[in-house]
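Peer 1: Please take these sequences and the hints and turn them into a complete structure.
Protein chains in written order, with the working numbering: chain X, 31 to 524; chain B, 31 to 524.
Simulated from the structure, these hints should not be mistaken for lab results.
Being a predicted model, the structure only gives us computed values, none of them experimental.
Hints are supplied without guarantee of correctness; some may be wrong.
[Said to hold, decoys possible] Straight-line C-alpha distance at most 30 Å; calculated DSSO-like pairs for lysine-lysine:
(1) 225/B / 71/B
(2) 186/B / 425/X
(3) 201/B / 503/X
(4) 283/X / 225/X
(5) 115/B / 115/X
(6) 134/X / 115/B
(7) 55/X / 429/B
(8) 329/B / 186/B
(9) 242/X / 242/B
(10) 342/B / 283/B
(11) 410/B / 60/X
(12) 242/X / 225/B
(13) 225/X / 410/B
(14) 71/X / 49/X
(15) 410/X / 337/B
(16) 425/B / 55/X
(17) 342/X / 49/X
(18) 134/B / 283/B
(19) 503/X / 429/B
(20) 429/X / 186/B
(21) 342/X / 323/X
(22) 71/B / 429/X
(23) 134/B / 71/X
[Claimed, not checked] Label-pair distances were calculated between CB atoms; the ranges are:
(24) 206/B / 34/X: 38 to 44 Å
(25) 400/B / 520/X: 44 to 50 Å
(26) 126/X / 189/B: 35 to 41 Å
(27) 60/B / 432/X: 23 to 29 Å
(28) 276/B / 34/X: 28 to 34 Å
(29) 128/B / 435/X: 26 to 32 Å
(30) 253/B / 77/X: 19 to 25 Å
(31) 253/B / 217/X: 20 to 26 Å
(32) 253/B / 435/X: 17 to 23 Å
(33) 34/X / 60/B: 34 to 40 Å
(34) 128/B / 49/X: 36 to 42 Å
[Said to hold, decoys possible] Which bits of chain X does chain B cover? Going by a derived footprint, with three or more residues having C-beta under 8 Å, they are:
(35) 72-78
(36) 117-127
(37) 441-447
(38) 450-463
(39) 469-477
Think of the CB as a built atom: it goes at the ideal place given N, C-alpha and C, for glycine as much as any other residue.
There are 2 protein chains.
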Amino acid sequence: MYQDTSIAMLDELLASSVKAYHQYKTYSLKQRADFMRTIAKEIEALGEELIETAMAETNLPAARLMNERGRTIFQLNSYAEAAEKGNWLEASIDTALPERTPPKPDLRKMLMPLGTVVVFGASNFPFAYSTAGGDTACAFAAGCPVVVKAHPAHAKTSTLVAKAIHEAAKKCNMPDGIFHHVYGAGFETGEYLAKHPAVKAIGFTGSLSGGKALFDWANQRKSPIPVFAEMGSANPVFLLPEKLITETEALAKQYAGSITLGMGQFCTNPGLLIAIDGEGLDRFVQHLRKEIKSIVPSKMLHAGISKNYSEKLAKALAQKGVQLLTQTEYAIGEGEGLISIATTTARTFLSNPVLHQEVFGPYSLIVQCQNEAEMLEIAKSLEGQLTATLMASPKDIRKHQELLDYVQEICGRFILNNVPTGVEVSLPMHHGGPFPASTDSRFTSVGADGIKRFARPIAFQNWDDEFLPNELKNANPLGIWRTVNNELTRNPIS
Amino acid sequence: MYQDTSIAMLDELLASSVKAYHQYKTYSLKQRADFMRTIAKEIEALGEELIETAMAETNLPAARLMNERGRTIFQLNSYAEAAEKGNWLEASIDTALPERTPPKPDLRKMLMPLGTVVVFGASNFPFAYSTAGGDTACAFAAGCPVVVKAHPAHAKTSTLVAKAIHEAAKKCNMPDGIFHHVYGAGFETGEYLAKHPAVKAIGFTGSLSGGKALFDWANQRKSPIPVFAEMGSANPVFLLPEKLITETEALAKQYAGSITLGMGQFCTNPGLLIAIDGEGLDRFVQHLRKEIKSIVPSKMLHAGISKNYSEKLAKALAQKGVQLLTQTEYAIGEGEGLISIATTTARTFLSNPVLHQEVFGPYSLIVQCQNEAEMLEIAKSLEGQLTATLMASPKDIRKHQELLDYVQEICGRFILNNVPTGVEVSLPMHHGGPFPASTDSRFTSVGADGIKRFARPIAFQNWDDEFLPNELKNANPLGIWRTVNNELTRNPIS
Numbered sequence: 031m032y033q034d035t036s037i038a039m040l041d042e043l044l045a046s047s048v049k050a051y052h053q054y055k056t057y058s059l060k061q062r063a064d065f066m067r068t069i070a071k072e073i074e075a076l077g078e079e080l081i082e083t084a085m086a087e088t089n090l091p092a093a094r095l096m097n098e099r100g101r102t103i104f105q106l107n108s109y110a111e112a113a114e115k116g117n118w119l120e121a122s123i124d125t126a127l128p129e130r131t132p133p134k135p136d137l138r139k140m141l142m143p144l145g146t147v148v149v150f151g152a153s154n155f156p157f158a159y160s161t162a163g164g165d166t167a168c169a170f171a172a173g174c175p176v177v178v179k180a181h182p183a184h185a186k187t188s189t190l191v192a193k194a195i196h197e198a199a200k201k202c203n204m205p206d207g208i209f210h211h212v213y214g215a216g217f218e219t220g221e222y223l224a225k226h227p228a229v230k231a232i233g234f235t236g237s238l239s240g241g242k243a244l245f246d247w248a249n250q251r252k253s254p255i256p257v258f259a260e261m262g263s264a265n266p267v268f269l270l271p272e273k274l275i276t277e278t279e280a281l282a283k284q285y286a287g288s289i290t291l292g293m294g295q296f297c298t299n300p301g302l303l304i305a306i307d308g309e310g311l312d313r314f315v316q317h318l319r320k321e322i323k324s325i326v327p328s329k330m331l332h333a334g335i336s337k338n339y340s341e342k343l344a345k346a347l348a349q350k351g352v353q354l355l356t357q358t359e360y361a362i363g364e365g366e367g368l369i370s371i372a373t374t375t376a377r378t379f380l381s382n383p384v385l386h387q388e389v390f391g392p393y394s395l396i397v398q399c400q401n402e403a404e405m406l407e408i409a410k411s412l413e414g415q416l417t418a419t420l421m422a423s424p425k426d427i428r429k430h431q432e433l434l435d436y437v438q439e440i441c442g443r444f445i446l447n448n449v450p451t452g453v454e455v456s457l458p459m460h461h462g463g464p465f466p467a468s469t470d471s472r473f474t475s476v477g478a479d480g481i482k483r484f485a486r487p488i489a490f491q492n493w494d495d496e497f498l499p500n501e502l503k504n505a506n507p508l509g510i511w512r513t514v515n516n517e518l519t520r521n522p523i524s
Numbered sequence: 031m032y033q034d035t036s037i038a039m040l041d042e043l044l045a046s047s048v049k050a051y052h053q054y055k056t057y058s059l060k061q062r063a064d065f066m067r068t069i070a071k072e073i074e075a076l077g078e079e080l081i082e083t084a085m086a087e088t089n090l091p092a093a094r095l096m097n098e099r100g101r102t103i104f105q106l107n108s109y110a111e112a113a114e115k116g117n118w119l120e121a122s123i124d125t126a127l128p129e130r131t132p133p134k135p136d137l138r139k140m141l142m143p144l145g146t147v148v149v150f151g152a153s154n155f156p157f158a159y160s161t162a163g164g165d166t167a168c169a170f171a172a173g174c175p176v177v178v179k180a181h182p183a184h185a186k187t188s189t190l191v192a193k194a195i196h197e198a199a200k201k202c203n204m205p206d207g208i209f210h211h212v213y214g215a216g217f218e219t220g221e222y223l224a225k226h227p228a229v230k231a232i233g234f235t236g237s238l239s240g241g242k243a244l245f246d247w248a249n250q251r252k253s254p255i256p257v258f259a260e261m262g263s264a265n266p267v268f269l270l271p272e273k274l275i276t277e278t279e280a281l282a283k284q285y286a287g288s289i290t291l292g293m294g295q296f297c298t299n300p301g302l303l304i305a306i307d308g309e310g311l312d313r314f315v316q317h318l319r320k321e322i323k324s325i326v327p328s329k330m331l332h333a334g335i336s337k338n339y340s341e342k343l344a345k346a347l348a349q350k351g352v353q354l355l356t357q358t359e360y361a362i363g364e365g366e367g368l369i370s371i372a373t374t375t376a377r378t379f380l381s382n383p384v385l386h387q388e389v390f391g392p393y394s395l396i397v398q399c400q401n402e403a404e405m406l407e408i409a410k411s412l413e414g415q416l417t418a419t420l421m422a423s424p425k426d427i428r429k430h431q432e433l434l435d436y437v438q439e440i441c442g443r444f445i446l447n448n449v450p451t452g453v454e455v456s457l458p459m460h461h462g463g464p465f466p467a468s469t470d471s472r473f474t475s476v477g478a479d480g481i482k483r484f485a486r487p488i489a490f491q492n493w494d495d496e497f498l499p500n501e502l503k504n505a506n507p508l509g510i511w512r513t514v515n516n517e518l519t520r521n522p523i524s
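Peer 2: Below, the structure written as structure tokens:
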């Protein structure tokens, strides 16, 4: 439907992006924030057309899309607020001590933008982690121009949102080139962008293979650049004995809901349930089976995802030692996901890496352990995860300290007695995790701290107040929090 | 003198390091800080023996080494203080809103240690950026065990310092394996460590080739790990016209001193002086020549560095269009560095990438520009630098805003009317910069923010207060700064 953007055009757009960068980085925090808020308004102004377009492209229901639009708008507004507040700048100042031997110079540090950021959106969040999603919001907040490669699975939706961003840029007198929207059906466009000297950072949400390819291209450049790729995970849930036996039915209901929420198409979908054999687990399995049977399947995001899910599901179920436990009772229409739960033993799981991989869709594997030692062994064997969850009573927690320790090691977010689906947009959110959940466990793609992915510190030594950025001037005209001579303060320097 | 640590031994040491990690990460900030302070005391207690050993190995004079020992002790003590203060943890908390639809969960985030850090020290700082140097201090502060590969050029000094660390570990009841000291004359040991699954991060100070090799090995692992490599730079100095003509002699004196400080063996040595042709530059050159002639050369760090300097100097001077301006008048003894200044035109500089490379030693190249446009072109052509310096009057600054903009882009620290040598140890220091100055421009190897290289966020969702780390408990028992519901505060949560 949309032609790939030509190489010549990409070069031209990137040149204009670099030009825009040199202007945009001089804009005040308030100007950046106003721009972001205007984008939010323009997205809202797209109204029904946006929802209808996304429904047609993604199979997502209207209610979910309206919800996601709300999340997108909230992200833009709340990151705008955080950008303006300036805590993320990590401003710090040591004033001079000319009488010291040797004299101590005046030194002031803050974050500055990296330059043009290329964003590759997610197919499963056509608004919130796509064109004007979290990565784009973070990049604009940091002071970076953005180039979005439209996701081929919702290119029309992406084009509409891009129009809203362009409209906002015009209204806010942003420099030409602050935002570009490009198309590429294959990987070539992405590769070209990742290797282009004008590009200074990459934000990506999607598959391990896609994220890892970008990471490798970016690191093999003459000047490597940071890539934050959020690549999903299996999100293990550890069901501890006392909790399992005392709340069996409630847990089964809760997890049947979480596993099938949005047809399992969330990167925090609980794909692994790990428990110890016994009466609690037996009853849990019975209840879960009952719950799952009665859940009505719906269409997956698009034909590619549906096909991919069928294949991965078939592969998972074909592994030696894996038993299908239950599936939805409903007939599966074209493009719908076959809701499925399988079981296996800890020994089988530990010996077969295929079972550790995410199956993107409404599927979960119950791993049955003979004892606590096996459960611990599983925790130690897992790769990096976005989330890990513990369903546990206080007594369970006290009894399983070593398990807790190892589970912490593998995850970015550690949940107690809750489900991993539902990723709150807030400062304390961490959406990332050790590889392969993300390419750098030190950064997040949800929450205002995500801004820091696209900024780097610069220290100014011995500069006159007049020539310093406002953020670092003695008077603290922006009233931001700064560390002055080792103390956090909003006071001016006298 | 020291045998390479065997592969079998490396495996054994790393296994013990991983064990130590699981204990050490549970130690309080105060325990970590006390350990660091005890290391500082143990280093002090080595007394004369340490200085004499380092003098014999590195050719560095006693005064310089005593100074550097002081810096090392200051680093350990000040990072200990920062570690204990806890601002680097970036603790943030959003309390629950159960009445919201959907209910908002309690979410609390802080940094946790990455795991075992391998440190490769610098040859030019046998104390401060070596065995118990900045990287080791940052890793211990973050909660990580450390494995140091002794620098072959000062393995004996390194062994002494390692003894001090082991002594401190014993006194502070640190877990076995908190610190290991290994030897490897070739690159094989480093490669083995960088690729070992037990290793979770790398700190390196040294050459571009060494740092880049580690970066590549680390990224090609099954699970890539972060590498912070500080790889030096040419540290360009832009001499602007008014400043140059009004303070010619003082500038020449100041820069003759900075270029030859420590025989030019600092990563912030000013290797490029960029100015516009004219009377100011002519007079500056005359004065600089006079100053340089009278500087007495001394021995370089070791034979390898001296040989490397001779070769790189010869190569630089042999480039077409490069003229030798002046050298020290003194006869050069074995292993001494031939203090040298050369000149070239902007056109020659722009067309020859060899001239952009750092020549590690007492050498600087004056680049003569015909006009401001050429000077700007040079700023745009330079790769990433640890520092860039502007020697400028207020009028010069106002007149050269575009130059300032582009110079900011390439450096980690931007200095006005001062010299780049002398790297203050303080929170606002940024010692890093865009590639190839470092492998990740978002981190620093000097100042307490360097701790963040070795830590990652973890978010706790829905945890009972009892089971949260002290840093995140309602009562805020450690009294640290935290962002609670978007406001920075040290108050408890009621």
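Peer 1: If a hint holds in the structure, say so; if it does not, say that too.
Peer 2: Evaluated hints:
Between residue 225/B and residue 71/B, the direct Cα distance comes to roughly 34 Å. Violation of the 30 Å bound is thereby established for this hinted pair. Between residue 186/B and residue 425/X the CA atoms are separated by roughly 52 Å; this puts the pair beyond 30 Å, and the hint is violated. Between residue 201/B and residue 503/X the CA atoms are separated by roughly 45 Å; this puts the pair beyond 30 Å, and the hint is violated. At most 30 Å may separate the alpha-carbon atoms for a hinted pair to count; residue 283/X and residue 225/X exceed this at roughly 47 Å.
As the CA atoms of residue 115/B and residue 115/X are separated by approximately 23 Å, the hinted pair is consistent with the 30 Å bound. Under the criterion of a C-alpha separation no larger than 30 Å, the hint pairing residue 134/X with residue 115/B is consistent with the structure, at around 23 Å. For the hint linking residue 55/X to residue 429/B, the alpha-carbon distance of about 19 Å falls within 30 Å, and the restraint holds. Between residue 329/B and residue 186/B the CA atoms are separated by roughly 19 Å; this keeps the pair inside 30 Å, and the hint holds.
Between the alpha carbons of residue 242/X and residue 242/B the distance comes to roughly 19 Å, so the proposed pair stays at or under 30 Å and holds. About 25 Å separates the Cα atoms of residue 342/B and residue 283/B, which keeps this hinted pair within 30 Å; it holds. As the CA atoms of residue 410/B and residue 60/X are separated by approximately 29 Å, the hinted pair is consistent with the 30 Å bound. For a cut-off of 30 Å, the pair hint linking residue 242/X to residue 225/B stands: about 18 Å separates their Cα positions.
Proximity of residue 225/X to residue 410/B is assessed by CA-CA distance (about 19 Å); at most 30 Å being required, the pair is judged to hold. Straight-line distance between C-alpha atoms of residue 71/X and residue 49/X comes to about 26 Å, which keeps the hinted pair within the 30 Å bound. A hinted pair counts as satisfied when its Cα atoms are at most 30 Å apart, and residue 410/X with residue 337/B does not qualify at roughly 49 Å. A distance of roughly 23 Å separates the Cα atoms of residue 425/B and residue 55/X; the hinted pair therefore holds under the 30 Å criterion.
Annotation: proposed proximity of residue 342/X to residue 49/X is violated, straight-line Cα distance about 45 Å (limit 30 Å). Annotation: proposed proximity of residue 134/B to residue 283/B is violated, straight-line Cα distance about 64 Å (limit 30 Å). This hinted pair checks out: residue 503/X and residue 429/B have alpha carbons roughly 21 Å apart, not beyond 30 Å. Under the criterion of a C-alpha separation no larger than 30 Å, the hint pairing residue 429/X with residue 186/B is inconsistent with the structure, at around 47 Å.
At most 30 Å may separate the alpha-carbon atoms for a hinted pair to count; residue 342/X and residue 323/X meet this at roughly 21 Å. For a cut-off of 30 Å, the pair hint linking residue 71/B to residue 429/X is broken: about 40 Å separates their Cα positions. For a cut-off of 30 Å, the pair hint linking residue 134/B to residue 71/X stands: about 25 Å separates their Cα positions. Checked against the hint of 38 to 44 Å, the C-beta distance between residue 206/B and residue 34/X comes to roughly 59 Å, which is inconsistent with it.
Checked against the hint of 44 to 50 Å, the pair residue 400/B and residue 520/X passes, with Cβ atoms roughly 48 Å apart. A beta carbon spacing of about 39 Å between residue 126/X and residue 189/B agrees with the range 35 to 41 Å that was offered as a hint. Separated by about 24 Å at the C-beta atoms, residue 60/B and residue 432/X satisfy the suggested range of 23 to 29 Å. Taken as a hint, the range 28 to 34 Å is violated for the pair residue 276/B and residue 34/X, whose Cβ atoms sit roughly 57 Å apart.
Range check, residue 128/B to residue 435/X: Cβ separation about 29 Å, and the 26 to 32 Å hint holds. Evaluation of the 19 to 25 Å hint for residue 253/B and residue 77/X yields a failure: the beta carbon distance comes to about 45 Å. Range check, residue 253/B to residue 217/X: Cβ separation about 23 Å, and the 20 to 26 Å hint holds. Against the hinted window of 17 to 23 Å, the Cβ-Cβ separation of residue 253/B and residue 435/X comes to about 19 Å, which satisfies the hint.
At about 58 Å, the beta-carbon gap between residue 34/X and residue 60/B misses the expected band of 34 to 40 Å. Between residue 128/B and residue 49/X the beta carbons are some 49 Å apart, a value that contradicts the proposed interval 36 to 42 Å. Counting residues of the region 72-78 of chain X whose beta carbon lies closer than 8 Å to any beta carbon of chain B gives 0, which falls short of the minimum of three for the stated coverage. Proximity of the region 117-127 of chain X to chain B, defined as three or more residues with a beta carbon under 8 Å from a beta carbon of that chain, is established by the 5 residues found.
Coverage of the region 441-447 of chain X by chain B holds. Counting CB-CB distances below 8 Å, 7 residues qualify, and the rule asks for three or more. Look at the region 450-463 of chain X against chain B: 8 of its residues bring a Cβ nearer than 8 Å to a Cβ of that chain, three or more, so the hint holds. Evaluation of the coverage hint for the region 469-477 of chain X: fulfilled, as 5 residues show C-beta separations to chain B shorter than 8 Å, against a requirement of three.
Taken one by one, the earlier hints fail for this structure at numbers 1, 2, 3, 4, 15, 17, 18, 20, 22, 24, 28, 30, 33, 34, 35, listed in ascending order.
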